[in-house]
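Numbered per the working numbering, the sequence shown spans residues 1 to 492.
Mixed in with the good hints there might be a few duds.
The calculated EDC-like cross-link candidates involving lysine to aspartate or glutamate, where the alpha carbons are at most 16 Å apart (straight line), are [stated by the list, open to error]:
id: 1; residue 1: 79; residue 2: 41
id: 2; residue 1: 449; residue 2: 462
id: 3; residue 1: 128; residue 2: 462
id: 4; residue 1: 99; residue 2: 74
id: 5; residue 1: 65; residue 2: 37
id: 6; residue 1: 487; residue 2: 424
id: 7; residue 1: 487; residue 2: 419
id: 8; residue 1: 147; residue 2: 243
id: 9; residue 1: 99; residue 2: 136
id: 10; residue 1: 354; residue 2: 419
id: 11; residue 1: 442; residue 2: 462
id: 12; residue 1: 470; residue 2: 447
id: 13; residue 1: 99; residue 2: 89
id: 14; residue 1: 448; residue 2: 462
id: 15; residue 1: 487; residue 2: 429
id: 16; residue 1: 101; residue 2: 136
id: 17; residue 1: 99; residue 2: 140
id: 18; residue 1: 487; residue 2: 433
id: 19; residue 1: 441; residue 2: 462
id: 20; residue 1: 101; residue 2: 37
id: 21; residue 1: 128; residue 2: 37
id: 22; residue 1: 444; residue 2: 429
id: 23; residue 1: 128; residue 2: 243
id: 24; residue 1: 128; residue 2: 89
id: 25; residue 1: 449; residue 2: 429
id: 26; residue 1: 147; residue 2: 74
id: 27; residue 1: 474; residue 2: 433
id: 28; residue 1: 253; residue 2: 243
id: 29; residue 1: 441; residue 2: 477
Each pair of labels, with its calculated beta carbon distance range [claimed, not checked]:
id: 30; residue 1: 79; residue 2: 178; range: 48 to 56 Å
id: 31; residue 1: 242; residue 2: 40; range: 30 to 38 Å
id: 32; residue 1: 185; residue 2: 86; range: 40 to 48 Å
id: 33; residue 1: 258; residue 2: 79; range: 55 to 63 Å
id: 34; residue 1: 136; residue 2: 492; range: 46 to 54 Å
id: 35; residue 1: 136; residue 2: 321; range: 34 to 42 Å
Since the hints were made in silico from the structure, they are not lab data. A virtual CB, placed ideally from N, CA and C, is assigned to each residue, including glycine.
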Amino acid sequence: CDVLDTWFSSGLLPLSALGWPMKAFDCSTFYPLSVMETGQDILFFWVARMAMLGIQLTGTLPFNKILLHGLICDSSGQKMSKSRGNTIDPLQLIEGVGKLKQHQIGSGISSLGADALRASLLATDFTKPAVAYSEESALDYRRFCNKVWQSMQFLLSVLPREVPPETALTINTEGMWSRLRQPLLDCEETSLVDLWILYRLAQRSSQFNRTFSNLCSSKGEDISPSHSLHNCVSELRNWWTQEFCSVYLEVVKQRMRAPHSGGTSIASPDVLVNCFLCGLRLLHPITPHLSEVLWQSFPPQLPVPREPLLLQPYPEDILASVHPDFEALSAFINGLLAAASRVTNWRLTLGLNKSSKDSAGLLLLLQSQKTRSEDLINLRAQEMATREITYALTSLRCIDPRASFMTVPCGSDVHLHFDPQVVDFSAAEVSLDARLANQRKKAKAVEKKAATNPQEGLSRSDSVKLSLIKTQIKELELQLHHLLQCKNAHSK
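With the sequences and hints as input, model every part of the structure.
In structure tokens, the structure reads:
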């Protein structure tokens, strides 16, 4: 009886909250509602009763649309409920660390904060039938916030204390994006790495603009996966951590260490500063507190707008006007990043640590690049970008060929050139065999899971997982093939 009474009174909510059945009830002004948002598990218990009572008492449905989210579960897939004790108190995450253990959070974190909680929720796909959310997700975004904070500290440390009048520092990201409207061959004054980070930022801006436009649309159109909000948040995080911090800032550091540089500040910070400012504007709806504090941290000598970030215009969508050449540039840089990753993997496999720099280097064979990029990218600019990225990410310089050294290909015409005398080929072979066996075991486990239910087959997540494992297997097989070639050549 108590349950029935609860659902009955809840079903009257759209009416009773507006004054029904008193005379103060104004059906024409606030009724019906626009959208009803609720969990799919109570669609019949609550929402259906609202509809029935609304039609019976007013002759009109109480809302025009119903937005359903999936069942909210914990990390183990169990539905969150007070009786199970697996619910999450958001205030405990904002002001503390919730139920997380000390070994999970490490030292230096006493609270996760509102921004980390907000970002982790925005990055969650609530369209799934079962939505798994855990406190670890908020912790993960707390670390992301820390990464953004640290990048700001680096930026402040390399900015010139005084900007001379002859240094035309332009604080206008949309203005800098005008370079992306030209063919690559007309952008010789800007390095390919600078153009790449601007292009990737323009892509993120376009993605967010289209997503917000779809969310605000009243047409009820289906939103493509790439323009869903949770994917946008994940892609922006990837830009900040994997592209801006892990690649571009490393290249900036390498430029500062160059012999002609003073080593303490960056001479031309236009691209760096504009990327950071635009990144903060994109980040503001996701982490408003962090982005506002960082926006106000810029030194007064820089011509940065002093109004709060909240009042700044949102970055524009200029992707439609970007020259097609930049898609080739993006593919070229992605190839370099993959090559740098393979160089690192080879060094670990061969035991070439940082202390053995004299025993290894990089060979660049860029003649074939011109044909592959169809003359879209200047060969000299390609070589400069290749040298910048590979050295920044691997700490290995390009060297001249040595007769006593061996070479293994790493992709994008980048080769690891090393001294075989310092390598234990047998140990490297054992290591690769073990890693290969482990990946094959993982692939069989996923395939076995699909075989137990052939009608449904693999889920989307398992399909992606299996694809990644098979790609890793191919990489390891190719690496083992080249290793055995080097081993056989060395033993002769």
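Verification of the hints:
no. : hint                  : result
1   : 79 x 41               : holds, 11 Å
2   : 449 x 462             : holds, 9 Å
3   : 128 x 462             : holds, 15 Å
4   : 99 x 74               : holds, 13 Å
5   : 65 x 37               : holds, 9 Å
6   : 487 x 424             : holds, 9 Å
7   : 487 x 419             : holds, 12 Å
8   : 147 x 243             : holds, 13 Å
9   : 99 x 136              : holds, 10 Å
10  : 354 x 419             : holds, 14 Å
11  : 442 x 462             : holds, 11 Å
12  : 470 x 447             : holds, 11 Å
13  : 99 x 89               : holds, 10 Å
14  : 448 x 462             : holds, 11 Å
15  : 487 x 429             : holds, 9 Å
16  : 101 x 136             : holds, 10 Å
17  : 99 x 140              : holds, 15 Å
18  : 487 x 433             : holds, 14 Å
19  : 441 x 462             : holds, 15 Å
20  : 101 x 37              : violated, 34 Å
21  : 128 x 37              : holds, 15 Å
22  : 444 x 429             : violated, 23 Å
23  : 128 x 243             : violated, 29 Å
24  : 128 x 89              : violated, 22 Å
25  : 449 x 429             : violated, 31 Å
26  : 147 x 74              : violated, 26 Å
27  : 474 x 433             : holds, 13 Å
28  : 253 x 243             : holds, 14 Å
29  : 441 x 477             : holds, 15 Å
30  : 79 x 178: 48 to 56 Å  : holds, 52 Å
31  : 242 x 40: 30 to 38 Å  : holds, 34 Å
32  : 185 x 86: 40 to 48 Å  : violated, 59 Å
33  : 258 x 79: 55 to 63 Å  : holds, 57 Å
34  : 136 x 492: 46 to 54 Å : holds, 52 Å
35  : 136 x 321: 34 to 42 Å : holds, 41 Å
The structure fails hints 20, 22, 23, 24, 25, 26 and 32 (numbered hints given earlier, in ascending order).
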